[in-house]
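Turn these sequences into a full structure, and let the hints steer you where they fit.
There are 2 protein chains.
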Amino acid sequence: MQFEPRATRNDIVGRLHNSEAFNYGVETWEAYKRGGLSKDLVEEQKKVQEADLLIFQFPLFWFNMPAILKGWMDRVLVQGFAYDLSKAYDGGLLQGKLSLFSFTTGGTKEKYAIRGDIRYLLWPMQHGIMHFCGVKVLEPHICYAPAFVSEEKRKEMLTAWTQRLKTLWKEEPIDCSPDWYFK
Amino acid sequence: MQFEPRATRNDIVGRLHNSEAFNYGVETWEAYKRGGLSKDLVEEQKKVQEADLLIFQFPLFWFNMPAILKGWMDRVLVQGFAYDLSKAYDGGLLQGKLSLFSFTTGGTKEKYAIRGDIRYLLWPMQHGIMHFCGVKVLEPHICYAPAFVSEEKRKEMLTAWTQRLKTLWKEEPIDCSPDWYFK
Numbered sequence: 034m035q036f037e038p039r040a041t042r043n044d045i046v047g048r049l050h051n052s053e054a055f056n057y058g059v060e061t062w063e064a065y066k067r068g069g070l071s072k073d074l075v076e077e078q079k080k081v082q083e084a085d086l087l088i089f090q091f092p093l094f095w096f097n098m099p100a101i102l103k104g105w106m107d108r109v110l111v112q113g114f115a116y117d118l119s120k121a122y123d124g125g126l127l128q129g130k131l132s133l134f135s136f137t138t139g140g141t142k143e144k145y146a147i148r149g150d151i152r153y154l155l156w157p158m159q160h161g162i163m164h165f166c167g168v169k170v171l172e173p174h175i176c177y178a179p180a181f182v183s184e185e186k187r188k189e190m191l192t193a194w195t196q197r198l199k200t201l202w203k204e205e206p207i208d209c210s211p212d213w214y215f216k
Numbered sequence: 034m035q036f037e038p039r040a041t042r043n044d045i046v047g048r049l050h051n052s053e054a055f056n057y058g059v060e061t062w063e064a065y066k067r068g069g070l071s072k073d074l075v076e077e078q079k080k081v082q083e084a085d086l087l088i089f090q091f092p093l094f095w096f097n098m099p100a101i102l103k104g105w106m107d108r109v110l111v112q113g114f115a116y117d118l119s120k121a122y123d124g125g126l127l128q129g130k131l132s133l134f135s136f137t138t139g140g141t142k143e144k145y146a147i148r149g150d151i152r153y154l155l156w157p158m159q160h161g162i163m164h165f166c167g168v169k170v171l172e173p174h175i176c177y178a179p180a181f182v183s184e185e186k187r188k189e190m191l192t193a194w195t196q197r198l199k200t201l202w203k204e205e206p207i208d209c210s211p212d213w214y215f216k
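Protein chains in written order, with this note's numbering: chain A, 34 to 216; chain B, 34 to 216.
Derived from the structure by calculation, the hints contain no laboratory data. Worth double-checking, as some hints may not be accurate.
One copy or two, either will do: identical chains are not told apart, so a pair holds if it fits within one copy or between any two.
Unchecked claim - Below, computed lysine-lysine pairings styled on DSSO-like, alpha-carbon distance capped at 27 Å: (1) Lys66 - Lys144; (2) Lys144 - Lys130; (3) Lys120 - Lys144; (4) Lys72 - Lys142; (5) Lys216 - Lys144; (6) Lys66 - Lys79; (7) Lys142 - Lys120; (8) Lys142 - Lys216; (9) Lys142 - Lys169.
Here it is, written out as structure tokens:
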């Protein structure tokens with residue numbers, strides 16, 4: 034799937050709310066309300082709406098998700114759909130859903146531990162995106178440096194993930210407060 | 034400029050190093066060494082090479098840069114050019130350069146202060162990208178909620194930025210340690 038990551042005027046079908054000064058946030062909000070978002074966004078929002086659990090699987094690029102996935106967040110989670118004026122964090126519009134960030138890294142676990150903690154980089158994605166939309170967050174699933182470990186170790190990683198998926202529904206979400214990330 | 038944010042096989046011109054199992058990091062590293070990166074990447078790397086100071090100006094999207102800019106980081110800062118096996122952080126290959134993240138937010142300063150500190154979200158971009166490449170980081174420049182303040186306040190923001198630019202070269206880079214971000 035070659036998802037478009039760039040947030041542009043093309044995300045709005047038809048007339049703009051204010052064609053004098055283009056404001057992406059305002060325009061997608063207005064377009065959402067009148068059913069005027071582009072087809073790819075409507076399709077993705079339908080998937081989110083139907084899901085009880087959102088699993089984001091990706092290779093960590095620069096302490097973050099790759100641009101194509103960041104673009105999914107930028108374009109799909111529009112105001113009116115995922116949050117609203119006074120509906121954010123615990124009151125976010127996607128309440129009742131769970132999320133899980135599952136990713137592979139280039140570096141080893143030790144490399145991330147040298148300078149700070151891997152949890153530091155989870156703040157913008159887990160708290161700034163999912164928590165903001167009212168989605169609860171399960172413990173992240175991190176596979177460190179699969180490209181540099183043995184075939185046996187890679188198989189263990191897959192087995193561990195398979196095992197976790199079996200009991201995922203019984204897990205308690207994390208306490209998404211600054212303490213979890215930084216203390 | 035409609036920069037392509039997606040990291041794909043198209044970033045490598047000609048034959049792949051390993052066509053059996055595509056690894057984006059390895060392939061762009063090898064392509065860089067043999068001068069086989071796509072034209073748009075070569076052009077951007079040239080700009081970085083010639084710059085003493087990199088200013089990233091953007092609207093904050095989801096506690097982070099928009100996907101189009103994240104894609105610039107993902108695709109331009111390849112191994113061999115920006116960092117190398119044992120050349121990262123203070124030893125990164127872009128040593129001697131300065132950077133500055135300048136951005137506008139949707140929410141007010143108070144909104145960001147309710148849950149944690151705005152500095153928390155600077156860690157992946159400032160530390161995880163720039164510091165990793167050996168680039169020193171100046172204090173971020175943040176304009177809070179320009180869409181919701183008076184015309185007068187907006188003009189003040191522009192004046193403050195103009196003023197800061199005049200003496201930017203005299204500024205000391207921040208101490209890019211976990212303490213700066215989380216204490």
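Index of numbered hints that the structure contradicts, given in increasing order:
Per hint list: single violation, 4.
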